[in-house]
Amino acid sequence: MNDKSKPGTPAPPPGKPSDWAALGADVLRLPDRKLLQIYRLLEQVGDKPEISDAFEAMRPRLTTLRPPRRPALSRLFFLPAEDMLDDTLHYTRRLNRICRATLSPCWTAVKEHIPAAVQQEVQREMAGIDYRDGAAIAVICEPLWQAGVEALAKVMAECQNNLKYKLNLFGRDEDVQRQLDTLRQILAVAVRVEKLKAALPPRPILDLAESHVEIIRNNLIELGKEEAALTQPLLLVLASRMQRPGELLRMLGEVRLGGTAAEKETLTKEMSGYVVGNLLRQTTDFDRENPGITGDLSSLAAAAERLTDGLNSVNDTVQGLRDKEITSKVKNARAEIAQFVLKNICADVDKGLTEALFSHEGLPSDEEVKKAEQFAMALRRSSKLAGPLGIQREVAAKITEARTQVVNNTLATLRNAPRNRDGSMGPEGQRQMFNGLRMVEILAGSDEAERLFRDWKSQFR
Amino acid sequence: MTDQGDSGRTRKMMEDFAPATFEERGVTVPFTTPLLSQARLRRDQNDRFEFLLPNFTAGKGTYVLPWKGLPNVMTLTLHDRLLFEEIEQLETHSPEQIRACALTVQATGVCGPEPATRASELRDQDGQYLVLTQFILVTELLKLVNISAADLLRPGMTADDSKRVARQALAKVAAMVDIPPDDMTTRVDQIGEAVSPVGLPQAPKSGRLRALADRLQAFAQGTQNFADTDPSEAAMLGNYIATVANHTLTLARQRIGKLDAACRDARQIVNDAPNLHRVIAESVGRISWLLDGWEFLIAMWESVKDGPSATKQTTITDISRLLPMIPKEEISAATDGLDLDAIQRLQKKWVRVNQDWRTGVLDMDAVMRLESLKAAMG
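Protein chains in written order, with my numbering: chain Z, 1065 to 1525; chain F, 2 to 379.
Hints in this document: simulated from the structure, not taken from any laboratory. From the three backbone atoms N, C-alpha and C, an ideal C-beta is built for every residue, glycine too. Take the hints with a grain of salt, since some may be wrong.
Covered stretches of chain F, going by a simulated chain Z footprint (3 or more residues, C-beta under 8 Å) [said to hold, decoys possible]:
#1 70-79
#2 105-116
#3 150-158
#4 307-317
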């Protein structure tokens, strides 16, 4: 595509939907800058269902690049529910999640029931703000979401009464009705959801400051006073954004929401079911999305860490539920992650590390040292997980193996490295020594690294 | 009378915030152990090292610990252990000396390849800038005997010819005050070394601390802009940071102006070199104390300024805890308008609930984030 293409004049649209998918796949071969240019052009074409094929193909890269998105009206409409969306392949039923495939027909149907004046007004006002400003978007889109709640109720009622209407839009799948209902519930508290998102750290939320906890608690209490049931959609969105959703469950246990004790108990049970289910879903996706992967081990290990962290955070709640099925599901999920860690992270990590640092003549480049660091970090992360996952013995053995290799190879390099005239260690030897020490520090800790430093320093002076 | 009461309270708060002297504030040490990050080093009453740890209690005051006590409380990175060994060898502990020590350790690769490469680049830049500064001083001296830089670089002259002309001219300058030519060269070397961290105003490129003042100005503008547009409570902390940064900048610029004035007349090198050297060393020392600690905060802000607003809010809170407060001896009325009480309350409120130092295990991810800032520092 030509660099000079004017915005708003996209390439002639290919004919079949599959062409769009092919375009998306072709675009993946382009460098980031070009890919983003094409992404912006496609965005301007508008909300055509076939273009979603192209976006679908580009999605893996887009998730890393995170381009600022032009706020199309449909996107603004679904914004409060964005954390609940799953791709078609990864969608899990009966979990209060929403399949992306539902969005396009849903928007086609609801926009008929949302007054044109509301749509135009929102679009007009959006042009004047920074669309990364979540709090401002919340204010502007409030009328859209309010109208959306009513529009969705009408669409759902029409689906009930008119089979042809329903089949045309959503096909035969009964599950769609439940997805629409989840969406409707979230839209009913949409302003609060968006304001809350803007006030909290970006997802996945790892650390909550005291002020954040206070904001969440106040929101739950205020909503609870209006109607206890309104807290659920807010909790669903929030739980989906947190790395340790178990903390939210604990917070829920401590907050007085109004309503009856039985209502609170049901809410807690439903939320626990969702949180556990959502973690299990991610565990399954995790293995499916990374079959036999050899890429960035450290980020894979970080993902495993995130999921294990999440599972650990719901431990208490799961035990409290006394639900054998959920308990056994959690156990299986742990076993799956453990297998993943052993198979994909630990298996060849020592070889990778040694190759990056020691397989060259002379000093390794900065990139090679960084690669070796990533391998060492992946092992370190795995060792943190080993306890909860029950694989301490295997991971400990791997760490010992990797450390021994680093130490032996560094020693060999130091023996052969050129010395200074006075016999002391030359600059190349120094650098290799510190490269080795850095790996030992990551793998075995700073005390061990210091011990070796003193030892090598006296040996090689 | 309410007004007086308020300003009295503000002064009281300021006393809690501000140290009496730079020595009491301590010099920032760029450690990589997260809890030691930006710790300030000073001597206690018995002349032993102690550290002020702003990160230790995350907003609930500054913790003071003797170095000997640290290993019992937390695991230190190998980098920090080696850096401290280097620091112990020093006789005095100025920001410039600590920086030199830190770059030596960083260049070994003990805290990763990118910081090592950066340290080598910075040391090279320092060396080149020193040569440039000394060259400018020589050309200024040559002007006194009517020889310009162009005279040293006439067409057809070899490098040796240029050096010979320069040496002869310097000898003429030396003869003006009846000293050996070599002594004149030594004076140029020493004055060059003293002024080089800030650099001379006529230099084609700013010296390191002069450039840092420019970056501090951009930082103050950036954080003020954040304060003006951010809807959260962190805006108030942004305002506080920008105020202290601007205040520091004003003082630093005054000092730089005085230094530039002192260096204006090259005849002083001839007539009163010891006095000039003393004035320069004092000014540069003061400027480096004033700007000590800001480099890291600027790098922190730079790393998030295009990020999501929640990240910026958290970083602003972190920066506000690490601010190098201007000692009382330098303080003017610039911070009187701030509600320091509210600032302290906010800082405490933004403490991360899950931050737990008690385990004593190093969080390598946090260590690496600090190391990446080292690689980004100027």
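Results of checking the hints against the structure:
no., hint, in the structure
1, 70-79, "holds (count 4)"
2, 105-116, "holds (count 7)"
3, 150-158, "violated (count 0)"
4, 307-317, "holds (count 5)"
Figure legend: structure checked against the earlier numbered hints; the only hint not met is number 3.
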